[in-house]
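Student: One letter stands for each residue in the lines below.
Number of protein chains: 2
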Amino acid sequence: MAQITRSWLSSLKRISQQNGSVQKTCALRASSAFIAGEPEGPTVKTDVPGPKSKQLLNELSVIQQAGSVQLFADYERSLGNYLVDVDGNVLLDVYTQISSMPLGYNHPDLLQLLNDPYNVKTIVNRPALGVFPGADWPKKLKNILLQVAPPELNHVTTMMCGSCSNENAYKSIFIWYQQKQRGSSTDFSREEIESCVVNQPPGSPSLSLMSFYGAFHGRTLGALSTTHSKYIHKIDIPAFDWPVASFPQYRYPLEENRRENDAEDKRCLAEVEDLFAQFSKKGKPVAGIVVEPIQAEGGDNEASPHFFQELQRIAKQDMPLQKTNNQLPDLINSCCLRPLQPYRVFNTWMGDPSKLLLLQGVLEVVRRDSLLAVVQKSGEKLLTGLRSFEQEFPHLLHSARGRGTFLSVTCSSARLRDDLIARLKKKGVQTGGCGELSIRLRPALIFTPKHADIFLDRFRQVLKETK
Amino acid sequence: MAQITRSWLSSLKRISQQNGSVQKTCALRASSAFIAGEPEGPTVKTDVPGPKSKQLLNELSVIQQAGSVQLFADYERSLGNYLVDVDGNVLLDVYTQISSMPLGYNHPDLLQLLNDPYNVKTIVNRPALGVFPGADWPKKLKNILLQVAPPELNHVTTMMCGSCSNENAYKSIFIWYQQKQRGSSTDFSREEIESCVVNQPPGSPSLSLMSFYGAFHGRTLGALSTTHSKYIHKIDIPAFDWPVASFPQYRYPLEENRRENDAEDKRCLAEVEDLFAQFSKKGKPVAGIVVEPIQAEGGDNEASPHFFQELQRIAKQDMPLQKTNNQLPDLINSCCLRPLQPYRVFNTWMGDPSKLLLLQGVLEVVRRDSLLAVVQKSGEKLLTGLRSFEQEFPHLLHSARGRGTFLSVTCSSARLRDDLIARLKKKGVQTGGCGELSIRLRPALIFTPKHADIFLDRFRQVLKETK
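Protein chains in written order, with our numbering: chain A, 1 to 467; chain B, 1 to 467.
Just so you know, these hints were derived from the structure itself, not from any lab. Wrong hints could be hidden among the right ones.
All copies of an identical chain are treated as equivalent in the list; a pair is satisfied when it fits inside any one copy or across any two copies.
As the list claims (entries may be wrong) - Straight-line C-alpha distance at most 30 Å; calculated DSSO-like pairs for lysine-lysine: (1) K427 to K316; (2) K284 to K230; (3) K381 to K284; (4) K467 to K139; (5) K316 to K464; (6) K467 to K45; (7) K45 to K139; (8) K282 to K377.
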């Protein structure tokens, strides 16, 4: 369920990018209209992590592997685009909890939601949605999730998180593929029924899913078998022997490198067709393709519309194309992927209505405050700024890219990238990395051009101070 | 994270069962003290599902496979042990959303939690706990989760749900196993790093996990490879080729069938040792064993302490034993399973503080209202009642079993079982099935002997009316 938030956020940005006519009719409010009392700018008083964060990290490390923790936050004092840490440092947050806080911190409209006793009951009475859904559930799915889904995706099955959504999307693909082999029969053979219980074919068939180098689809064992962004996610973990194809690696700016990039598309598509044949030959036919429209964790790698159209053409010869993560919500399947029988794509909770409640609140604010226009304006300002830095510091940065405020830029080395992120934090700006070389921006939808100015100013200082 | 609730619920019941001295000092409050305004008993006005539920099911079926839905609930009107549906039927809920509502519906203390602005902020500001945890997080883990964990399990890593917890427990086992092979070295080889990215050994090693017939550990692809309770969960889905051993099937009452049951333990343990050897020989060594102390979904199948001790002995020769679901919380690992490096057992959110908030509320009510004593008394009454029905209706029921109110009874046929559950519902009692033949009881902790009387009365009527 929660995955929806991120997918939806990205969808909105995409829509914002593609539909200029909508934005032109929207007046951009002053930033103060979004979050009253937001700090004027970042303030850094200590190292980050500071002494209090370090103390808490020591405590946490006694009971878990906590090596990934960057700081401890004060979520009472964090507000809007500003993350406040326990040492009192106020950071402009351009990363928003790995891109999962669409309205930033403590948005008054979201806090307000829990003044409504009906909503409080939604938090407390979490149902097993697949068995005992609440009276409002069909309407909520239609009025909240399907309202922001692409119109051709008219089915929705909610799940627990991104990995869980992908795992169940994969199951739906395999179920669809096997049903296709059965034709009009809905019966399972005795042999299928008995063999699947002990993980053996024909009941547990020898099928594969194709994914791409650099992809990230999650960390549970099925999803992890389609994730190929960083070795540390995968090493020591058994995986399915499934095909991995190259994802296009483009040269930027795109318009100046059209010939090389077209050739790169061709090379990758040829590899896809070749792997299809290989895996079919070795008795592990490809039942589906899993692909991100923009590989995010893997480095904000984009592919061209032509690449996706060709991929779809290849897939349509044989299977459904399942886009995930950034463009189409993971868990919205078209009706062809609906299992004939119940209990096959199912779990105890099947999502969480309390998350849908928050999403509803987010969507209302986005409409009321015309946040798509904000994303458009802030994104243009950010991308223009990043491109000017490429000109000013060509030895440090290149390939600024993205849609709306979903942006990134590539650094000339991994060491430089890590160093820039660390020094940005010292200047009060929280960003994140992706791939080996890129810095990614994932600000909230309430990130205004004023915030973009602050970010760009600090980033330019950091670049100028780079030896 | 949420899985904790169920594991913890079961742990409490287990403690309740085993530690009679605690309960004897607790005075049992009248049921009215638990939930003011709870209905006096069930009322059934229509078929279940009634016309309004059927209408909503039609709506939902347009957008998803909804064949598992039993009814639509009115969560505004549901209260305590009573689930109210949209047709106004009031059902005594002995199943509690697949055993996930420890305090029943709309418990006033849980509703009250969200009057506190601090808690409202916890709902709205969901952090990426592995990177930016809140100031209160280490303390909450220690004071809430570790307070109810068995003392030898002193580590805790929160996850998203039960399947996600199991998937990450499995990853921890594989990481531990491979680290053991590396000895004191913490370096990965170039070959391991490169091969794991494309799902191949040695980086993605050919290791296995042992699980048991009848087990249920979740439905994501790794967890599903250790789930063997019902074919419909597994058919058409590719699985890892991992060993599946027999889980003891006892005759009841246990004390009258000791010799047969001991022999059954021996048979299953011999199979475990045999499978170890087989999978080692075929190059898929067993890195760990995954086992439920009571197989719940698979039929409430219990195994003896002797069986588990022997299993642990076999495992200790080579690997950790990972108990899941019912006795030890899935996601609490002992420190030997802590990965040396960060980002290996990790995801975007790593749990949800809003669920820990609810668990904290639940634990406070359990202590304040001495609910362990209630569980003990109600459980005794229920089990005594079920055993008397076995005597009265020996052709219909046998093998009443369980701990506290975590109880079940086996029916003489699958058809009878389904029929009894359906007719119990017509009399206003919501129960659930497990395995092929069993009815399971999973009432809330506020289920008092008075509620047990109502359940037993309705169940006896249904049994008497069975042709």
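Student: Does each hint hold? Answer for all of them.
Tutor: Each hint, compared with the structure:
1. Taking CA atoms no more than 30 Å apart as the test, K427 paired with K316 passes in neither setting, with 50 Å inside one copy and 52 Å between copies.
2. In this assembly of identical chains, K284 and K230 lie within 30 Å of each other by CA distance both inside one copy and across copies; the values are 25 Å within and 25 Å between.
3. Taking the shortest Cα distances, K381 and K284 never come within 30 Å of each other, neither inside one copy (48 Å) nor across copies (55 Å).
4. Proximity of K467 and K139 under a CA criterion of 30 Å is satisfied in neither setting, with 58 Å inside one chain copy and 42 Å between copies.
5. For the homomeric pair K316 and K464, neither the shortest alpha-carbon distance inside one copy (50 Å) nor that between copies (58 Å) is at most 30 Å.
6. Taking the closest pair of Cα atoms, K467 and K45 come within 30 Å of each other only inside a single copy of the chain (24 Å); across copies the shortest separation is 79 Å, beyond that limit.
7. Taking the shortest Cα distances, K45 and K139 sit within 30 Å of each other only across copies (25 Å), while inside one copy they are farther apart (49 Å).
8. Taking the shortest Cα distances, K282 and K377 never come within 30 Å of each other, neither inside one copy (51 Å) nor across copies (60 Å).
Hint compliance for this structure: hints 1, 3, 4, 5, 8 are not met, and every other hint is.
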